[in-house]
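Here is how the chains run, residue by residue.
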Amino acid sequence: MSLVPESPQSATAIAAAVAAGEQSARSILDAHVARVDQTESEIHAFNHIMREQAMASADEIDRRVAAGEPVGPMAGVPVALKDNMCTRGVPTTCSSRILEGWEPPYNATVVERLAAADAVVVGKTNLDEFAMGSSTENSAFGPTRNPHDTSRVPGGSSGGSAAAVAAGFAAVALGSDTGGSIRQPAALCGVVGVKPTYGAVSRYGLIAFASSLDQIGPFAHTVADAALVHDTISGHDPLDSTSIPSAAASASSDLARGVEGLRIGLISEMMGDGIEGIAPDVLARTQAAADALGAAGAHVSPVSIPAAIYGLSAYYLVAPAEASSNLSRYDGVRYGQRVDGANVAQMNTATRTSGFGEEVKRRIMLGTYALSAGYYDAYYGKAQKVRTLILENFDKAYEDFDVLLSPTSPCTAFPFGDKTADPMTMYVNDVCTIPSNLTGHPAMSVPFGVGSDGLPVGVQVLAPAQGETVMFRVAAALEALR
Amino acid sequence: MAYLARLELSQDELELFTEQLGDVLEHAADVEALDLDHVEPMAHTVPLRNVVRADVVTATLDRDEVLGQAPASEGGQFRVPRILGEEP
Numbered sequence: 001m002s003l004v005p006e007s008p009q010s011a012t013a014i015a016a017a018v019a020a021g022e023q024s025a026r027s028i029l030d031a032h033v034a035r036v037d038q039t040e041s042e043i044h045a046f047n048h049i050m051r052e053q054a055m056a057s058a059d060e061i062d063r064r065v066a067a068g069e070p071v072g073p074m075a076g077v078p079v080a081l082k083d084n085m086c087t088r089g090v091p092t093t094c095s096s097r098i099l100e101g102w103e104p105p106y107n108a109t110v111v112e113r114l115a116a117a118d119a120v121v122v123g124k125t126n127l128d129e130f131a132m133g134s135s136t137e138n139s140a141f142g143p144t145r146n147p148h149d150t151s152r153v154p155g156g157s158s159g160g161s162a163a164a165v166a167a168g169f170a171a172v173a174l175g176s177d178t179g180g181s182i183r184q185p186a187a188l189c190g191v192v193g194v195k196p197t198y199g200a201v202s203r204y205g206l207i208a209f210a211s212s213l214d215q216i217g218p219f220a221h222t223v224a225d226a227a228l229v230h231d232t233i234s235g236h237d238p239l240d241s242t243s244i245p246s247a248a249a250s251a252s253s254d255l256a257r258g259v260e261g262l263r264i265g266l267i268s269e270m271m272g273d274g275i276e277g278i279a280p281d282v283l284a285r286t287q288a289a290a291d292a293l294g295a296a297g298a299h300v301s302p303v304s305i306p307a308a309i310y311g312l313s314a315y316y317l318v319a320p321a322e323a324s325s326n327l328s329r330y331d332g333v334r335y336g337q338r339v340d341g342a343n344v345a346q347m348n349t350a351t352r353t354s355g356f357g358e359e360v361k362r363r364i365m366l367g368t369y370a371l372s373a374g375y376y377d378a379y380y381g382k383a384q385k386v387r388t389l390i391l392e393n394f395d396k397a398y399e400d401f402d403v404l405l406s407p408t409s410p411c412t413a414f415p416f417g418d419k420t421a422d423p424m425t426m427y428v429n430d431v432c433t434i435p436s437n438l439t440g441h442p443a444m445s446v447p448f449g450v451g452s453d454g455l456p457v458g459v460q461v462l463a464p465a466q467g468e469t470v471m472f473r474v475a476a477a478l479e480a481l482r
Numbered sequence: 001m002a003y004l005a006r007l008e009l010s011q012d013e014l015e016l017f018t019e020q021l022g023d024v025l026e027h028a029a030d031v032e033a034l035d036l037d038h039v040e041p042m043a044h045t046v047p048l049r050n051v052v053r054a055d056v057v058t059a060t061l062d063r064d065e066v067l068g069q070a071p072a073s074e075g076g077q078f079r080v081p082r083i084l085g086e087e088p
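Line by line, the protein sequences give chains S and X. The first sequence begins at 1 in our numbering and counts up by one. The second sequence begins at 1 in our numbering and counts up by one.
Honestly, I wouldn't trust all of these hints.
To be verified - Derived lysine to aspartate or glutamate pairs resembling EDC-like cross-links, with alpha carbons at most 16 Å apart:
# : chain 1 : residue 1 : chain 2 : residue 2
1 : S       : Lys385    : X       : Glu32
2 : S       : Lys385    : X       : Glu65
3 : S       : Lys385    : X       : Glu74
4 : S       : Lys385    : X       : Asp37
5 : S       : Lys385    : X       : Asp23
As the list claims (entries may be wrong) - Which residues of chain S face chain X? A few of them, derived with a C-beta cut under 10 Å, are:
#  : residue
6  : Ser243
7  : Gly297
8  : His299
9  : Ser301
10 : Gly367
11 : Glu399
12 : Met424
Since the hints were made in silico from the structure, they are not lab data. Quantities reported herein were computed from a predicted structural model and do not represent experimental measurements. Glycine is no exception: its CB is placed at the ideal position from the N, C-alpha and C atoms.
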């Protein structure tokens, strides 16, 4: 059964109407909360709903509009946050038992920036535990269901954020993308999802999974809405030492320019010539997108990224290695749960054994192995070299092309339990999205029709580092052509 | 490995993980087989070096608020079980 609203009001329309005093922020919020009350019990997009706080911020925005005071560019826009972003005094769990009950003493930089833009945060969304998964089935608090068909997964790991937007619980949402965790659920839920350039959006207050790959980005109904959010949250932050010091590329400046004369490369390895297992209907929709862009005046031709076929292997060495290191901080000392033991080591072990779920333990074990003495060079070291190889391939492609195109996910939304028995089957979901995390380049998923099962298909637009302007430009054209 | 990661695994988990992680490492054999002697490793995608800030005192997190979120604290510090295994 589909629980997707017919024609949701866009974030740009909401912000304009609220700033002009034509609609109150409170009435916008109430309409979204009404949808939550109707269908959240069937979807489970949220870990925590911030009803009271949201009403207070909406009322404050309305008071300022009435008093003739200026309001921000996202005035009154209801936004949902993936529950791995710190919100001061509001539970932040990463969908893990180990952080149950924890209330961070500070806000993530993105939370501060949304507040400064007068967005209204409505709640914290469900995810695969510590963002490790592609279906939200790894959440300690139960899975999220896809609003297009509640018998199917929403994708992951940011499945709650994707579902919250698709179901009309929030106009936009933030997710985090380490190997495809924004783009894949966006594709499966029929919304726009963006992984910005690594370093474009501050990671301060984003609970770390794999630090050299993690990046925060938006979910939205439209490309223009995603651009509004991107431009709100991006830009240098002294609190994140990996933040790019120069000004962020504008996402919204060229949305109406069209694609006349742009050079667009269709990645052969992801179109059936190299990477196996991409569904025929997904390939057909991606080809249709390429053809439509060609008809609109772009020069579209195939391009080869030979090292892309090694992306999955490199990722499943790099990401678990960094995760095993990052997750060593959950030791029962400073925050979250503690299970007592006779001494510190026993307390650490008891806490972690009871607090972490199966997939998290699996990846910690894999990462510990990949980093252990004697294996470091063979696994982690080699995977880092593959990253260089993939980056060189992409750099060469961008000498001839402005953007690249591929499928986002190898398949449409799949039924619960379909891929949980064998981890490799689940990992393969990220095969088209992983290369952009390894290179740090931006990439986004745009809905482009449906597959043979009637469920949404997403097409991925990839761009060089800090190439958000041209990436959003092509995405906007694609949106208009579907 | 489980000891290094401070995890206790049941016999069933050990057997399951050994098999599953074997599959992942088998998939990674394609990377192991590559000749990459001439390629520089990449730790990071942003070319930044030694990011520092001015050495001035700024506001920090409130100590009581931080300790209030800890499983146990005492006298302005985190409280943990004894560090050495032996009883006094």
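Against the structure, the hints:
1. Lys385/S to Glu32/X: holds, 11 Å
2. Lys385/S to Glu65/X: The given pair, whose Cα atoms are some 43 Å apart, is violated under the 16 Å limit.
3. Lys385/S to Glu74/X: It is violated: about 47 Å lies between the C-alpha atoms, which goes past 16 Å.
4. Lys385/S to Asp37/X: holds, 9 Å
5. Lys385/S to Asp23/X: Violated, at roughly 22 Å.
6. Ser243: Hint on Ser243/S: holds, closest Cβ of chain X at ~8 Å, below 10 Å.
7. Gly297: violated, 32 Å
8. His299: violated, 28 Å
9. Ser301: Because about 27 Å separates Ser301/S from the closest Cβ in chain X, which is outside the 10 Å limit, the hint is violated.
10. Gly367: holds, 8 Å
11. Glu399: violated, 19 Å
12. Met424: holds, 5 Å
The structure shown violates the earlier hints numbered 2, 3, 5, 7, 8, 9, 11.
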